[in-house]
Amino acid sequence: IRNPGHFFSRALGNTIFDWNFPIHIIKNIVGTLSMFNIYGDCIWRHNISKEPHLYFPVGVAFAVGILTSFLSRVKRWRELEKPEKPNFSQDFLLLWFVVLALPGLLAIEAPHAIRCLLMMPAVYIFAGLGAKKITEFLTEQFYKKYALLLGAALFLFIASSIVHINIQYFSTWAEHSKTKDLFGYPLLQAIQKVKELPKDTPKYFLQHLPSPGFPTACDVVTRYL
Numbered sequence: 139i140r141n142p143g144h145f146f147s148r149a150l151g152n153t154i155f156d157w158n159f160p161i162h163i164i165k166n167i168v169g170t171l172s173m174f175n176i177y178g179d180c181i182w183r184h185n186i187s188k189e190p191h192l193y194f195p196v197g198v199a200f201a202v203g204i205l206t207s208f209l210s211r212v213k214r215w216r217e218l219e220k221p222e223k224p225n226f227s228q229d230f231l232l233l234w235f236v237v238l239a240l241p242g243l244l245a246i247e248a249p250h251a252i253r254c255l256l257m258m259p260a261v262y263i264f265a266g267l268g269a270k271k272i273t274e275f276l277t278e279q280f281y282k283k284y285a286l287l288l289g290a291a292l293f294l295f296i297a298s299s300i301v302h303i304n305i306q307y308f309s310t311w312a313e314h315s316k317t318k319d320l321f322g323y324p325l326l327q328a329i330q331k332v333k334e335l336p337k338d339t340p341k342y343f344l345q346h347l348p349s350p351g352f353p354t355a356c357d358v359v360t361r362y363l
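Number 330 in the numbering used here belongs to position 192 of the sequence shown; there are no gaps in the numbering.
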C-alpha cells in the first residue's frame, strides 16, 4: 500500500465504536432488518431514497423464508434434535445472512445498501424458500377450487413485477435529478460545453480539493477533453 493513510481514512470516524456503541448497534440492527420491507437506504446513489430494497411480494416471501428457517433452527436447538442429515444449507444461509450483515451493522448510516450488498444472495434465497412455502400452502388449501384464480394471480404478480421494476429504476431512479448529480451528470454537461469551445480558447478549471491525492472533477474533465 503506497498511501496507507488514504487506505484507512474512510474507516476513521465511520464505525459505531467511535460513537455511542449501544444505541448505534440497536439502531443499525433495526435499520438493516427493516430496509428490505419498510425503510430503505436514504442515499440516492444506492437506491430510491427510503424505498424498501425488495418489491413488496418479494419482501413478504423473504420474511416468510427467513422466519421459517430461523424457527426451524430454534426448534432443533430446544428439542435437541439430532437428525441423521443435519440441515447444513439452512444453517449456512442463516450464518451467511448474519456474518455478512456485519459491515452494515458496525458502521454508521444504517441502513446502507452497499455495505450490506453481500447479504443479498442469502436474502434472495430466503425469498425463494418463502415463495415455495407460500406456494405449497396456497396449492394445498385452494388449488382444487381456485386453480384458475391462482394461475391468474401468479401471472399478474410476474407481469406487475416486471413493469414495476422497470418504471422504478429505469425511469423514477435513473431520471431523478439527485441521481444525476451523484453520478456526475453536471460534470458531463460541463465537459460537453468545454468541448464546444474553440481549441485555441484558454480553459481554466477551479474546484475545491476535498483531500490531497484524491481524483477531482478537474482531473476528470481534463482526462476526457
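By construction, these hints were calculated from the structure, which means they are not laboratory data. Each residue gets a CB set at the ideal place from its N, CA and C atoms; glycine is no exception. There could be a bad hint or two in this list.
Ranges of calculated distance between the beta carbons of each label pair, as one might list FRET restraints [as the list claims (entries may be wrong)]:
no.	residue 1	residue 2	range
1	Val301	Ser187	18 to 26 Å
2	Thr206	Arg140	44 to 52 Å
3	Gln330	Pro259	22 to 30 Å
4	Gly289	Ser227	25 to 33 Å
5	Val301	Arg216	26 to 34 Å
6	Ser210	Ile305	15 to 23 Å
7	Ala290	Pro259	26 to 34 Å
### Message
Which constraints among the numbered hints does this structure fail? Numbers only, ascending.
### Response
Violated hints: 3, 5 and 6; rest satisfied.
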